[in-house]
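A.B. asks: Following the hints, complete the assembly by docking chain A onto the known chain E.
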Amino acid sequence: MKEQLAKIKAEALSALEKAADSAALDELRVKYLGKKGELTAVLKQMGSLSPEERPKMGALVNEVKANLESALTQQSKRLEAAALEAKLKLEAVDVTVPGKEPKLGHKHPMYVALDEIKEIFIGMGFTVLDGPEIELGELNFDRLNAEPGHPSRDWSDTFYFDQDERVMLRSQTSPMQVRAMDSMELPIRIIAPGRVYRKDEVDATHSPMFHQVEGMVIDKGVTMADLKGTLNLVMEKLYGKGTVTRFRPHHFPFTEPSCEMDVQCHKCGSVGCPTCKGEGWIEVLGAGMIHPRVLEMAGIDPDVYSGWAFGMGLERMAMRRFKIADLRLIFENDVRFLEQF
Amino acid sequence: MNLSREWLNEFVKVDASAKEFAEAMTLSGSKVETTTDLGAEISNVVVGRILSMERHPDSDHMWVCQLDVGKDEPVQIVTGAWNIHVGDLVPVALHNSTLPGGVKITKGKLRGVPSNGMLCSLKELGLDERDFPYGVITAAALLNDYHPIDPAKPSIPADIKPGGKIFGPVVCAEVLEDGWPQPDGHVHTCLMVTDYTVLPNTNCANLHTGDLVAYNTKTNTICTLADLHAEQKEFPHCIPDGIFVLQEECKPGDDIKSVVGLDDQVVEFEITPNRPDCLSVIGLAREAAATFHAPLFLHTPVVKGGAEGVLTELLDVETPAADLVPRYTARMVRNVKIAPSPKWMRRRLRAMGVRPINNIVDITNYVMLEYGQPMHAFDYRYVKGGKIIVRRAQEGEKLTTLDGKEHTLNANHLVIADETRAVGLAGIMGSLNSEIVADTADVVFESACFDGTCIRKGALALGMRTEASAKFEKGLDPMNTLPAVDRACELVEMLGAGEVVDGVIDILNHVPDPTVLTVEPDKINALLGTDISGAEMFKIFEMLEFTNPDDVTDESLKSFPVTVPSYRGDVKRMADLAEEVARFYGYNNIPTTLMRGQTTQGGWSPAQQVENSLGAVCRACGYDEIITYSFISPTYYDKIRMPEDSLDRKSFKILNPLGEDTSIMRTTTLPSMLEILTRNYNYRNKAAKLYELGRIYHMGGENGLAVESKVLTLGAYGPDMDFYAMKGTVQAILDDLRASDIHFEPCTDNPSYHPGRCAWVYAGSDIVGVFGQIHPLVAQNYGVDAPFCCAELSFDELMLAKGADPEYVPLPKFPSVTRDIAVVCDEATTVGALEEAIRKGAKGLLKEVSLFDIYRGKGIAEGKKSVAFNLILRSDDRSLTAEEADEDVKSILETLKRDLDAVLR
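Protein chains in written order, with the working numbering: chain E, 1 to 341; chain A, 1001 to 1905.
Calculated from the structure, these hints are not laboratory results.
One thing to keep in mind: the hints can contain errors.
[Unchecked claim] Stretch-level coverage of chain E by chain A, calculated; a stretch enters the list once three of its residues show a Cβ under 8 Å from a Cβ in chain A:
id, segment
1, 103–109
2, 132–138
3, 164–172
4, 226–234
5, 323–333
[Claimed, not checked] Now the in silico label distances, taken between C-beta atoms and shown as ranges:
id, chain 1, residue 1, chain 2, residue 2, range
6, E, 98, A, 1786, 23 to 29 Å
7, A, 1353, E, 325, 29 to 35 Å
8, E, 116, A, 1855, 50 to 56 Å
9, A, 1323, E, 116, 49 to 55 Å
10, E, 119, A, 1728, 29 to 35 Å
11, A, 1765, E, 203, 45 to 51 Å
12, A, 1879, E, 7, 56 to 62 Å
13, A, 1353, E, 205, 21 to 27 Å
14, A, 1728, E, 98, 23 to 29 Å
15, A, 1558, E, 116, 45 to 51 Å
C-beta atoms are modelled at their ideal positions from N, C-alpha and C, and glycine is treated no differently.
Looking at chain E on its own, in the form it has when it is part of the complex:
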């Protein structure tokens, strides 16, 4: 019997190892371990053994059974793993086939640039204001110290809705300075982006409608050095650390002293090239200390409070940011353009 068991074990183990699939494995299970299997057949002969031998032989049979079962499980696992591997192989995809991409929309490049600017100023404690585009001439001009006869009031420059120049399309976001002064508590830190209108024919650098961002700070002890420091910081955030700027005297009716701010041409580093029209610098904004007259007209005492303000053209900023060569693209809204940003 012992020999018989040993033979069965050897045969079975060898057969198991050769089993190529789960069906073959099942067959072997039945053949050796099944009710009518060979091992059962051996067990059935136990009755012919002496009582002393029975437990020994029983243990032996059980050992062989356990051996076979374990071998069966192992082989079954191996086969499963192999089968899975084969299946996964078949399921392999071509990873270079384009993905099923959801079509996402794109923010207009101008507003990408504007949002950057807004974030920077909000981070510095500024509030973003919104105001009317159809504006009173009084706010667009008089309250900003642009006297009757100021060239910007010309009908060749500004759009009017009545002969008396009472109601007009704002030619700048600066009336928002007045609206802020009239409606807000001091101190004030605001920016006011929006559409402005001037009578310019459409070309690569002009449009009768464009966007500006106005900014204003009023507080006690505000200085021109603050203006420079703050705007320098903004330019560093927009154009990167180490951006070189310069300030030039200029004239705006509603600031005194007034200045324009240039950034060093990124292309040539102030040597002069076509990008900066040979000047080495690119004008980015106009600014200045709020004119005492403007403060007075808003009922703010210029001996106690001072402030600074700036205005920058958004289109040019966006065009520079994204190297857009022609302003017309901005208002053309071709999806092939829009989807680049």
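C.D. replies: Showing chain A alone in chain E's frame:
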């Protein structure tokens, strides 16, 4: 404003290079736009003296010249010009030289004879006879150049000999010696007529020994083309153009640029409107002196006077419109000799962009450029009664200005008049009836200060903004009129252009007192954020001539008075003084500090937050953001089929639009969106999904302004776009806002949309907007045949519909039961109505109902449809039994049957 560096140097010596000059002036406030080197295009062109001239062996009109160009060896040049003579000084473009217009000259051969350059005409140097009046060439019609129109019938026989008759007193004559130009413009030569010789009276410069000319025996002149009534093609080389024969002090080898005044640099400034004083050479000289810390040399005009007559007897000035004439100054010049002005004056005018005309006109222009004071010169003989009256024009009064245009005036115009009529538009332009002409004998120089607003309005109304009016409208310095008129008279004497009558007529109606301000360095430093000493500030104001050096001691530098010069009307208060300090201390030397003081809470307003999230959800839905013009054409309302009587047609109308297309403020964003969709469609972009949060402008706002509301506009076309796709996006937007009680109702009467594919969006009882497929007739108006879909959602309504922040709802603890039902109903029954009936019929266990199929066709009767829903039923406190669920479904089916006659399929 253009500035000649050469002219500037008369007042302040600045050696800076073009770049240094531009940079320094820009940083002190006079922005330099460009610097132009007048002779930039000219190189290697020198003065040459003609040593000899020989006829070209193979040409009937060319000359082979040997020229001394200041080198050891003479240079040989072949020229076709006939107006030069041995001994002439001429501009020579040597081998490898350049001329204006990108012309390059190199050596070569002309009909086999080597030529090592080119002799230049005025034109070739970029000049014309107004720059060098003596450069005008009168050409004789040379008979050896005669080419008859009809070779068979020549007007002049080919074999004509001296003495041969041409017509009337005109006979053929032979030139016996080369013409020799005289300083007075005459040309000395000698002619042989048959057997006698004559010395003709001629200006013709193209005469050479052996030439045959047409000589008029009666007038003793040599005939030109015009004298012979000949056509140009008959005498092809008889052209009033030729080599520029120099009458300048120069020698062979001199650079031509310095000889003709092209060695100057012209700097173009952008002058801001607050600084009209800088629209003059002297004004910019003051700025340059302060910028470069260089001494300023100003000159006080000295007039000898002494002309016959007494000014007050010759001329009387009245200013009845005194309020518009702060000051009127005039002087008189007699025995005027109109002539070209001298070279130095012409070159300066030219450098500044003013064409020389004649000495008197040039003087007025010169003084205007130098002093910034517009001047006017009248011919005295046309000042009737010797009286100048500066008055408002009469209604309908007519005047023809110097440019030949006739104007009808009104009382808003200021005119210069004599006793009978207007002779000039004050501050704008003179009139033809008093123009300086060749025989003008007596001249009145006017140097006045007129009211800026009056001149501006007048110029604007007449559409004629002139150099003078542009200056006046900025408000000129009344103290400038006297020095300017004296300067003009001084120049008249200097040029020998006339005799100045003693005395000045000077009417001062309104000359303001000088502004005296106190400089308080502490306050200026507080504004600038600087620490500039009082002494340093004092130096700046001293440079700017705001101070008198005698009246200040060191102690007083804590505060010192300054007197603002009359030409600096822009300086009125402390802030203006601070700017002067900042300009010359250097804007870039002001420190940079960050803001201090009370912190403020920045951030987005609730509306801005909603704007941001609306944009984000639109983009998540695949829509690209666009920006469209706020103004449109009134015809756009027709394009979208807006009813004639629609209130939306009442738009803000721009009185001075750029064009009709941008003439009214839109009351709807739909045409803007359709225009952009159409453009993309025409560009053959396969699909477009666009959105804009833009404004519309309606009448009725505060203060006569507009009600400016925002509209979220969506527009799309493409393969996956239809009514339901657009509806899905609208729903996504509302879901993102957590808007509740949203429902849709058919909109059949919006003429812009397809009547069967358009819906109103409601939030509760409020209409949020409308969306749908664009009406085919509208699409047709835009020339497209694609089903565009659009949505217009009111931003204000979206704000109102915005739901509260979400609150967590516990997830279901008990399983749900799902049931699918399909009911057959009339075609007209809407899914919305069915859904409503389902919800109504449920007995409280229905959690969700969703449409999953609509079927028409086989098995369903005509005019009917089968609509299938998936129902989810659940209880929050127990597991449902099938019976409980079935009971609800039964009730639902009963309601459907009863309310909508929809029966289970």
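A.B. asks: Against each hint, give a clear statement of whether it holds in the structure.
C.D. replies: Taking the hints in turn, this is what the structure says about them:
Counting residues of the segment 103–109 of chain E whose C-beta sits closer than 8 Å to any C-beta of chain A gives 6, which meets the bar of three, so the coverage hint holds. Counting residues of the segment 132–138 of chain E whose C-beta lies closer than 8 Å to any C-beta of chain A gives 5; at least three are required, and the coverage claim holds. Judged by the Cβ-Cβ criterion of 8 Å, the segment 164–172 of chain E is covered by chain A as claimed, because 3 of its residues qualify and three suffice. Proximity of the segment 226–234 of chain E to chain A, defined as three or more residues with a beta carbon under 8 Å from a beta carbon of that chain, is established by the 6 residues found.
Under the rule that three or more residues need a Cβ within less than 8 Å of chain A, the assignment of the segment 323–333 of chain E holds, with 4 such residues. At about 26 Å, the CB distance of residue 98(E) to residue 1786(A) agrees with the hint of 23 to 29 Å. Our hint of 29 to 35 Å for residue 1353(A) and residue 325(E) holds, since their Cβ atoms are close to 31 Å apart. Checked against the hint of 50 to 56 Å, the pair residue 116(E) and residue 1855(A) passes, with Cβ atoms roughly 53 Å apart.
Residue 1323(A) and residue 116(E) have their C-beta atoms about 53 Å apart, which keeps the hinted 49 to 55 Å range intact. At about 31 Å, the beta-carbon gap between residue 119(E) and residue 1728(A) stays in the expected band of 29 to 35 Å. Taken as a hint, the range 45 to 51 Å holds for the pair residue 1765(A) and residue 203(E), whose Cβ atoms sit roughly 49 Å apart. Between residue 1879(A) and residue 7(E) the C-beta distance comes to about 59 Å, which sits within the given range of 56 to 62 Å.
At about 24 Å, the beta-carbon gap between residue 1353(A) and residue 205(E) stays in the expected band of 21 to 27 Å. For the pair residue 1728(A) and residue 98(E), the beta carbons lie near 24 Å from each other, so the given range of 23 to 29 Å is met. Look at residue 1558(A) against residue 116(E): about 46 Å separates their beta carbons, and that is inside 45 to 51 Å.
Every hint from the earlier list agrees with this structure, and none is contradicted.
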